[in-house]
Structure formats: C-alpha cells, structure tokens
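Chain by chain, the residues run as shown.
Number of protein chains: 2
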Amino acid sequence: MASLFPPSFDTLIDQFAALPGIGRKSAQRLAFHVLSMPDAQAEAFAEAILDARRRVHACPVCQNLTDGEKCAICSSDRRDASLVCVVAEPRDVASVERSREYNGVFHVLHGVLSPVNRVGPDDIRIRELVARVSEGNIREVIMATNPDTEGDATAMYIARLLKPFGVKVTRLAYGIPVGSNLEFADDATMLRALDGRREI
Amino acid sequence: MASLFPPSFDTLIDQFAALPGIGRKSAQRLAFHVLSMPDAQAEAFAEAILDARRRVHACPVCQNLTDGEKCAICSSDRRDASLVCVVAEPRDVASVERSREYNGVFHVLHGVLSPVNRVGPDDIRIRELVARVSEGNIREVIMATNPDTEGDATAMYIARLLKPFGVKVTRLAYGIPVGSNLEFADDATMLRALDGRREI
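Those protein sequence lines, which keep their order, are chains A and B.
In terms of numbering that gives the first Met the number 0, the first sequence opens at residue 0 and continues consecutively.
In terms of numbering that gives the first Met the number 0, the second sequence opens at residue 0 and continues consecutively.
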C-alpha cells in the first residue's frame, strides 16, 4: 500500500530508517519529532550533520578524529609520546582515558582485521602505526583492541610487525570481561586492565 | 571529564541525543555512522530534514500532513466526504487506512486533551472540526482516538460539542486491545473496530 504521508516526509523517514539500529516505526517517530521542532533547532540539526563532515578529519599523527590540525592529545606537551596505546575505534580512546591513569598517546586503527568482513591490513591504519614506530621515538606500544577473536588477531598481527623495531609491545590485561566490548568497560575495570598489561 | 571528540562531532552527537528515545551511546553510534557515509548520502540526509520542514504543512480541510494544497484523501472524489474519522495523530490515518474498508475522510487533532500535560481544547484541532461539522455536509463522525483515558475523554468531549449539530457521533469498537496504541493495531483488529463502532 502506498504511504499516506507526503513524499518529502517519507523521504525523511527513509533517511532515519537507513541509520543503524533505527527501525521503520522509530524512524517515523523521529521524523515527526523533526517536524515538531522549532525552526532553529531543525536547522541546527541539519547543519550539525554537514558541519561535522566538513570539519572532522583524522589526526595526521594518531588517526583519531579531530577538527584541529593535530588532535588535542597529540598536541599536548603533558603526554608521553613514547608510549602509544593502539585502539580499534575513536570511541575507544575515551574508554582508555576514563582510567585517568594513562598519560601516553594513542593510535586509532579505524577497524580490526577481519577476514569475514574482508578487512585486511591495508584497510585499517596499520601502515601509519608502523611508520610512527619506525621513527624510533616510541618505547612501548600497548595493544588495546577488544578482547575478542578479531581484536586478539589484530593485536598479534601488529605485535609481529613491530617486533623488528625493538619496541616493547604489550596487551591490555584481561580485566575487561572477555567477549565484552571496550566501550562498556567501567573505570575500575579499565584501570586494572591498564595495570595488568603484559608483553606479547 | 571533557569529551575526547572534536567539538563539531560532539555537536552532532548532541543533536542525535536530543531526539526522543535516543540515548548517549546510540547518538554516538549514529554520529559515527554519519561520518562514514558517502558525501551524497549525508547531504541527502541534511536536505531531507530541511525539505520536509519546508514542504510539509497541515491540509486546510482535515489537518493531516500534506505537501500539496489539499491532502490526497481530501482531494480524492472517491472518498465519502460526509463520513469523518477523527484521529489524534497523522500516523493514525495510516492505521485506519490499513483496514482497506474505510472510504470516508479524516480529521487529525494533532494531540488529545490532557490536563496532566496542559493540553486543552484550544491546543488541538477541535475548532477546525467543529467548523467542518457546522457547515452541515457531514452525516457521521467516527471518534478514533486511542482507547485510553485521554483518548476516551477527548472522544467524549468532542461528541458533546458536536451533538447540537445533529450529526451522528460514533466511537471505534474496542476491538483494539484496551491500553494499547492505535499505531500497533493489525489489519483484522482495525477492521473489527471499524465494523463494531457505536454511537456515543
């Protein structure tokens, strides 16, 4: 049956429904909400989408998201640039920072190796990590990918790549419940995981 | 703790988080998704928000959403304009249409009376309904508000207002499970509810 909404409204519903985890009914509810917003708020919403895409890019050093030249962490002179924590996604940076104990810098892979999803070493930012390490100013690389099959495999793969440079490569301790997700680690668990890190 | 994302990205997260039913983590996930979209898709999303708001307005006859002059149902000469089904929200029009049995027209109130939420008769489109009925070409008004306290109260209030005009006012039968929501009625239930409607 044809929709009973105006085409431009259906288009908005389609756009919401295309987002991950948003079903048809939720998309409809969100579209109604957008219609009921004050003008300024709807414009701010549309502008936020375009603006984030225009401004946000990868930090040339650590590949984390930034809208400055370098990201805030790489720009800080209070961070130990010889200690690099490697995470899969930008959101994982926040998870490690929550320990309030970590004063090194990061490297964001933007993914993990996954034969199933056809993600190989050239599809994530491994080359950039090797280049950083090859410059010789890094003493330790902490692999903080998720403790699941793909995260472990990615950590092992990178560890093997980095060993020739004589850098210490460690892995977050399994304080994080296995099979779970870095994103949901609480502060204490993240702290234990950092403390118990061991060489791989 | 300050966010570790760039400000323009945080703004986008805030915009998603301001939508109903979207928590902080979901908003973050949606914002990442928007960043990973092809350019054209992100622009289409932003444009859909603005376009829907520019084009969509209330049909001058039935108050349903439309982006034409009158809505498709009010414009159709195959609909019985003397039979008016009163619903609370635009999405409820689709629920009634799903019965494939209804050939009258609609009136969309855009809300129900709710003392708790400070919604009074002047806050929803009751005046427009009374004006339609007072023109004298309507023989029956079917109250199809949700079968809950506010929906029932709204139906009774409107029935009392319309009685002086000598119009027949009916209520959808309780084929719809009480306490539930029109939006989730299946076709068969909606059909029974239409058939069993009774005068109030």
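These are calculated hints, taken from the structure and not from any lab test.
None of these values were measured; they are calculated from a predicted model.
One should not assume that every hint holds.
Copies of the same chain look alike in the list, so a pair counts if it works inside one copy or between any two.
[Unchecked claim] No more than 16 Å apart at the CA atoms, straight line, and that leaves these computed lysine to aspartate or glutamate pairs for EDC-like: (1) Lys69 to Asp147; (2) Lys162 to Glu134; (3) Lys24 to Asp79; (4) Lys24 to Asp185; (5) Lys24 to Glu68; (6) Lys167 to Glu134; (7) Lys69 to Glu127; (8) Lys24 to Glu88; (9) Lys24 to Glu182; (10) Lys69 to Glu149; (11) Lys24 to Glu134; (12) Lys162 to Asp9; (13) Lys24 to Glu139; (14) Lys162 to Asp13; (15) Lys162 to Glu68.
To see whether the hints hold, each was checked on the structure:
Taking the closest pair of Cα atoms, lysine 69 and aspartate 147 never come within 16 Å of each other, the shortest separation being 31 Å inside a single copy and 56 Å across copies. In this assembly of identical chains, the alpha carbons of lysine 162 and glutamate 134 lie at most 16 Å apart only when taken from the same copy (14 Å versus 86 Å across copies). For the homomeric pair lysine 24 and aspartate 79, neither the shortest alpha-carbon distance inside one copy (48 Å) nor that between copies (29 Å) is at most 16 Å. For a Cα distance limit of 16 Å, the shortest separation of lysine 24 from aspartate 185 across copies, 14 Å, qualifies, whereas the shortest one inside one copy, 32 Å, does not.
Taking CA atoms no more than 16 Å apart as the test, lysine 24 paired with glutamate 68 passes in neither setting, with 41 Å inside one copy and 27 Å between copies. For the identical chains of this complex, lysine 167 and glutamate 134 are intra-copy neighbours only, at 15 Å inside a copy versus 85 Å across copies, given an alpha-carbon limit of 16 Å. In this homomeric assembly, lysine 69 and glutamate 127 come within 16 Å of each other (Cα to Cα) only inside a single copy, at 15 Å, whereas the closest approach across copies is 58 Å. In this assembly of identical chains, lysine 24 and glutamate 88 lie within 16 Å of each other by CA distance solely across copies; the values are 14 Å between and 30 Å within a copy.
Taking the shortest Cα distances, lysine 24 and glutamate 182 sit within 16 Å of each other only across copies (9 Å), while inside one copy they are farther apart (27 Å). In this assembly of identical chains, lysine 69 and glutamate 149 lie within 16 Å of each other by CA distance neither inside one copy nor across copies; the values are 29 Å within and 55 Å between. For a Cα distance limit of 16 Å, the shortest separation of lysine 24 from glutamate 134 qualifies neither inside one copy, at 52 Å, nor across copies, at 37 Å. In this assembly of identical chains, the alpha carbons of lysine 162 and aspartate 9 never lie at most 16 Å apart, being 54 Å within a copy and 37 Å across copies at closest.
For the identical chains of this complex, lysine 24 and glutamate 139 are neighbours neither inside a copy (49 Å) nor across copies (31 Å), given an alpha-carbon limit of 16 Å. For the identical chains of this complex, lysine 162 and aspartate 13 are neighbours neither inside a copy (48 Å) nor across copies (42 Å), given an alpha-carbon limit of 16 Å. Neither within a single protomer nor between protomers do lysine 162 and glutamate 68 lie at most 16 Å apart by alpha-carbon distance, with minima of 31 Å and 70 Å respectively.
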